[in-house]
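Read off the chains here:
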Amino acid sequence: MLEVNDIVTAYGKIEALKGVSLSVPEGQITVLLGPNGAGKTTTLMSVAGLLKPKRGSVTFEGQDITGRQPGTIVQRGIALVPENRLVFPDMNVHDNLKTGAYVRNDNEIESDIESIYERFPRLKERYHQHAGTLSGGEQQMLAVARALMARPKLMLMDEPSLGLAPMIVEEIFRIIHDLNQEGTSIFLVEQNANMALKIAHQFYLLEQGLVTFSGTPGDMDENEVIQRAYLGTTA
Amino acid sequence: MDEHLVSILTNIGGFTFIALSAYLLLLTGEISFGQQAFFGIGAYFSGIVTAMWGLSMWAAIPLTMLAAAFSAGLVGIITIRLRGLYFSIATLAFAEMVRLALVGTTWQVKIDGEMIGPNGSEGLGNIRWALDNNIEANDFMWIVLITLAIVMGLFFLMERSRLGSIFRTIGADRLLAETQGINVTAYKVAATALAGAIASLGGIFYAHAQTHVYPENFDVMLGVHSLAYGLIGGLGTALGPLLGVILDIGFLEAVEWVQGYRMIAFGGLVAVLLIFMPRGILDERRVHRLRMAFRTRKTEPPPAKTHDPAAS
Amino acid sequence: MIDFIQNTLDGITIGAGYALLAIGFTLIFGVLRRLNLAYGPSIMIGVFLGTFIYLHFDAGWLPVAIATVIGAILAGIYVERMCFWAIKEGAALASMVSTFAIWMQLEELVTVIFPERTYKFPTLGEMDYLEFAGLEMRAEHLIMLGIAVLMVGLLHVLLYRTRFGLSVRAVSENPAAARFMGINTGRVIFRAFILASAIGGVAGFLLVATDPTVTPKFGLQATFKGLIAMMLGGMGSIPGAIAGGVLLGIVERHMQAEFGAIMRDMAAYALLFLFLIFRPGGIMAQGVAAREAAALRRV
Amino acid sequence: MTLLQVDGLTRRFGALEALADVSIAVNEGEVFGLIGPNGSGKTTFFNVVTGIYPPSLGRISLGGLDIGGMPPHRVSKHGLARTFQNLRLVPQMNVFDNIWLAQHQRPGMSLLDILAIGGRRERSRRHEVDTLLEKCGLADMRQSLASDLPLPDQRRLEIARAMARNPRLLLLDEPAGGMTPLETQDVARMIREVAAPGRTLIVIEHKMDLISDICDRAAVLHFGAKIAEGTPAEVLSDPQVLDVYLGKQADHA
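Chains as they are written, first to last, in the numbering used here: chain A, 8 to 242; chain B, 17 to 328; chain C, 3 to 301; chain D, 40 to 292.
You may find that some hints are simply not true.
Stated by the list, open to error - Short derived list, chain C residues pointing at chain A, Cβ under 7 Å:
1. I115
2. E118
3. L168
4. A172
5. N176
6. A179
7. R181
8. G184
9. I185
10. N186
If you're looking for bench data, these hints aren't it; they were derived computationally from the structure. The beta-carbon is built from N, C-alpha and C at its ideal position, and this holds for glycine as well.
Kindly generate the complete structure, drawing on both the sequences and the hints.
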């Protein structure tokens, strides 16, 4: 579904990605693991059109989307749940959801919001509240719901567990799992390797801007994955 | 020397002081819209000292600079908690209050049958120290330019000392400066006071060259110009503000055909320049490059390196 | 007592004009986080375009108003392209100085084309005073107040009921997150600029029409009245801009009536200065929690 | 002998407890590791100790002196220096000046010394900077602008700058963040051979091999609370720590 081909993305002179290739198959959960500073977020940004790769290509459903405007990419069906959630704090929950549907022109937005409320009753309870007053878990839920409003075929998620208590993390992962069951493909960046591997169909390991391993969760000893992904040790 | 040229050079000198004062604050990361207040205080205070009290300009200079430093320092203390735009607007408000206070102030005494002293919007006239002492325009120009050279020299020394680096560190990253042990509050107040004194020096010369000053001379236009000079000329060296002043006053006053359309040409020029050089012509990077080029030609190579495996 | 109420009433009217200026300022500041000093001068271009239409075609107030708004928008676009679009993000100082340079340019342009000191501007018609319980109000002031309230209402609908408004609010709150949602921030900024210029054009027209002379100093006045009103209310807040504008109008009016023009201006700046020192967040200052959150993001 | 004694340190941001009743004692001359998942409060700990945030509760004493709630510049006068996780150099100054500037905080520097541009003492101080640059492997880049350096060199420059002040206690925040294993080994050597001798260090790091390599002792933070302390080997085999990393990792960003 999504093919990333040998992309190089740089900040000024510093290359954060030194030729990353990976693919995300339709209907699956693909996880990208790696230590701090490995280039995980940069990879997501390059896919979502927020950073322009210097080299290489990104194709989605067979079409080249390298360097396209973020709006175009969202319209094609790729939505992003950013790191640290980044909800709009002074907007109420309802308006936050509407921003997710910004690229859409149809008139089913309100009915989609209703179905979001059915899925997340807690957001419905707080639909008039400013997003900044929600708890961390609720904000994460809102960020996921907001991305869903774009009716994505593929969701990019950047560390959805960051900053959340264990119980909430489990809930978020359950949501991700459910979404996938309903047919949305997921590309998930995580530091929480243990949780991520539980729901992943396949995973990649990114170290120093290069993919150093790819396979299914059974392919590598879990402790080694955690050592390399989380701690960045080379033992 | 040609009379026109003398007046241009005197003006360049006078306005470079206020440009330097805005530049000093820019180094510490603050944008002041209010340096014209201290330029104005300098003009009025020194004018009062020489025209009303009959002292010489040489006595007026230290007195005026002290008064300006004191009032600027006070403003610095009052506004110390304000950052960024808030500081800029506060300085603007202060400067406008000073200007309006001058408009509202009349304090005249009779000296030799003439009424002398600030007279509201009619300003302060009869600042005749230079005329009374037979100092011709040409000589006065040299007084201004030599003083400017001394102040610029002090600026260069400051920028080579740790003080300059401390100011730049505060400007680049206030939090870093604090954790580096820099007492940011104290240095900021010091910089504000120093900048006030330097701006007042410009005011002193302006008043004594013009012999008559008006409150409207010190409106916000002057303040924003002084800020723009540093940014046009470049924030990498004290030569930047001078270059900015020369470009504005020197170049455009000298070229006849832009007369009357001066700001149309200059405004457009500056806007275009800032697109390509957002930190001015002589910005930090260009100054660094020039310095490197100069040094490698002139002095020995950097100290021989010893082999260090960590460097590989 | 009657005088006091009368002055307050007049203050509110003039304050409504200031409030519109402040709203324009705050809209631009909201989406850009940079200061547009050329805001007043670009409105002035509109006002002079209106004057031109009036002088040469003897037009009525409606065509003049339309010309004023169009002129302000065109000048606003010029400012946006030169000072914000072309200068990269992060160079806020360069942008600000650039708007100042454009200000100088526009002001000189106007003085070259309109060499006299003042020009006449059409009024909103010859109308009577309305009297009520000893208070009087010029009908055109009432119209001005009415239009200002209408503008605020329209703006509210625009910002809270439309897709464009949603995008403006999103970019103001968090440009990065807005980009993630597929919002083209550059386009939103451009349109917000046009909107702010149009509001400014209306404000300019109203302010000049009720005091029907025009001078090239109008740009400076508009920039500073708008800036002061915005800062009094709190940067980036539209209710704040309205409150700041009205407060400024009332204070100015009372000071003018009691102590004259110099003290009126002095009071405006003193009020601003005191607010900055003691309540930098403006009338609509944020709570302690928000500042704590900001501190968290600092490191 | 204890150099840094932290007792019951708590720091709240609104309803969030970024540090919850943390007590840590670091001995003179020790290299002490501070580990924990992202957002567990490590950097907040540094920020409170260096005075950027005042503590909500608790005591911090450096060599017996209470430094809790002091502003950063005064804390730093008492012999404390730090580096930053996301690098805070003065980008438009060259490498030499970045370090040279830091000397201004040393004992015995008067206003005159701050204004000095020549003289015997100033020359010897400049020489010290060059010696430090060589020790840290930065001599080649002496004249380069700090912003032109690659990341590992920028991190080394930050450490060198902190050392130029001769601090008693040096706090390093992810000195090997974003580095390759080889670069990590280099920086570990630099810390061991140049920074550690005669000094007390606290190091935040995610890379456990670096912690095991250089630290005498370490503590683990989780949700702002200390959950383990001991030698790196002890800490890394602690069942609770393993649980945090390998099991229910959770954060508090």
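Do the hints match the structure? See the list:
1. I115: violated, 41 Å
2. E118: Result: violated, 48 Å to nearest chain A Cβ.
3. L168: holds, 6 Å
4. A172: For C:A172, the interface hint holds, since the closest Cβ of chain A sits about 5 Å away, which is under 7 Å.
5. N176: This interface hint holds because 6 Å falls under the 7 Å limit.
6. A179: Holds, about 4 Å.
7. R181: holds, 5 Å
8. G184: Check passed: Cβ of C:G184 comes within 3 Å of chain A, closer than 7 Å.
9. I185: holds, 5 Å
10. N186: Holds, about 6 Å.
In this structure, the hints that do not hold are numbers 1, 2, in rising order.
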